[in-house]
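Undergrad: What follows is each chain in one-letter form.
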Amino acid sequence: MQYLDFEQPIADLEKKIEELENLSSVSDGVLNKEIAGLKKKADSLRENIFTNLTRWQRVQMARHPDRPYTLDYIELITTDFVELHGDRFHADDKAIVGGFARIDGDPVMIIGHQKGRDTASRKYRNFGMANPEGYRKAYRLMKLAEKFNVPIITLLDTPGAYPGLEAEERGQAEAIARNLKMMAMLKVPFVTVVIGEGASGGAIGIGMGNEVYMLENTWYSVISPESCSSILWKTWDYKEQAASVLKLTAKDLEELKVIDGVIPEPLGGAHRDPKATALALKKQLQESIKRLKKLKPEKLIDQRIQKYSSIGAYKKG
Amino acid sequence: MSWFKRKDENIQTAQKKEMPEGVWVKVPTTGETIHKRELEDNLYVDPLSGYHFRVGIKQYFEIIFDKGKHKKLGEDILSADPLEFTDRKKYSDRIIDTQKKSGLTDAASVGVGKMNGLDIVVGCMDFGFIGGSMGSVVGERFGIAIDYALEHKIPLILISQTGGARMQESVLSLMQMAKTSAKLARLDEAGIPYISYLTDPSTGGVTASFAMLGDINIAEPGALIGFAGPRVIRQTIGRDLPEGFQTAEYLLEHGFLDFIVPRTEMKEKLTQFLKIILHKK
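Just so you know, the protein sequences line up as chains A and B, in that order. The working numbering applies: residue 1 is where the first sequence begins, and numbers increase by one. The working numbering applies: residue 1 is where the second sequence begins, and numbers increase by one.
Hints were generated in silico from the structure; no laboratory data involved. Any given hint could turn out to be false.
Stated by the list, open to error - Below, computed lysine-lysine pairings styled on DSSO-like, alpha-carbon distance capped at 30 Å:
1. B:K114 x A:K316
2. B:K69 x A:K316
3. B:K90 x A:K315
4. A:K316 x B:K71
5. B:K58 x A:K315
6. B:K269 x A:K315
7. A:K316 x B:K72
8. A:K234 x B:K90
9. B:K100 x A:K316
To be verified - For each label pair, taking beta carbons as the anchor points, the in silico distance ranges come out as:
10. A:R140 x B:R231: 43 to 51 Å
11. A:D5 x B:K100: 51 to 59 Å
12. B:I96 x A:D92: 48 to 56 Å
Just so you know, even glycine gets a beta-carbon here, dropped at the ideal spot from N, CA and C.
All chains, please: the whole structure from these sequences, using the hints.
TA: If you want it as structure tokens, here you go:
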């Protein structure tokens, strides 16, 4: 288990408990009382730390290296996953994965950004930053799902669309724009969940669901706190402040009515209990799909266009 | 058309800008100087080099609409600072200061009028207002423009000039990409023409939404067009960018623009194009 800086007091306590437990097994349980006391202390410390996270700490949680990624959730909540590859124009983007699968027997199309877990796989997945071919692969898979009347699930987890030379050359902007317009008109139920980082156009480029949810410790914004700091304060040092003013947490977006709800995570984050997190995610997906399946194709499109058309805050002067 | 009544206070007509005599402007690319009046008469394009000086909403509306006559839509939609955003300065103060300084109400305006006799709706952005950034107001105003085109079955032109989505409205700005694109999907379905005209610069969330979704996408010569800005790309890839990278000419070469048209020929070319697809003589 890897610990974030603000988790250090918990890490220290957990280490001490482990040491005592090792001693205890040798000394026949005389330390049991002390261990129980420490465990209680650790529980209340966890409770205290994780229920009062700052926005920047939520961002850190969303980026936790042990956090479950798209393929982990696919493994945990679906069966019969048939991964499909390629955009039929240029390449197969490893930063976006997708394919048909079943959830409790029901067919779904599931697509998401994919990050890597070690140096090699992070590089292979381009840190979850898709190129145009990733968005075009998603386009193709969504249209396939529509053709076969299969509901679509997208899981967002990206630090942004890749800002590279070739990405520009192959039309990063066009690829995202075309997805937005296509997603508006999809005739099948479409649910989006932010499972980690929801950074800007790279996230919404596959994220225009009829319903949108965020896991508790995730963020979704037009820009990362670091880039926001560098543009508005001309230095990277104000990332915590930037995270705060960007109001980018699940709770913030629920209050802004941009998302339909927050999916709770186990205390300490999704990575502390991936199975429990996956179960909560699955429950929400099934509930949403069941509700959306009652709508006729034209109604699904109406609802989606209406949903996004009504987002914005302005006054009439 | 009956709504072309001058008593309407929204009506604006082209007014010859008062230019002090003997004012010379330097052309950045050549170092040559040009008289301001001559520049103005040539729609702020250097006649010698073809360099396009940046102009804003006021000038584009004067250029496109016959005699500059148009009716504005959605000017009463104004920023509400939904996040109570503060960086080195309060966002609400930044809006008020920019409004005073620029004479604009936000980074985009919508006008309805005639272009060589054709009824059209034009939405135009202005880099002079917080970098031409798209927040809730720009999204809503362009939404109104799309709805108007749909309702009246008349062509839509959106002119981009922007650094992208407005940071100070965070996720609400991001969602304007979805909003404008979703509305454009309906316009497309109804068979109504939409022309995207990209000017210098057009980057970020605007390019990654409505600006790349025209039936035709066209641009001014030399305009910077891209998703990520050149500085960010340079930092990411750790090497210099090729000459002419992300210019309109570069995008044309890579297949993302239908054509490039100088500002001085834009109105005639758009009219010519629209008349063909609208089956008009």
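Undergrad: For each hint given before, does the structure comply? Return the numbers of the non-compliant ones in rising order.
TA: 6, 10 and 11
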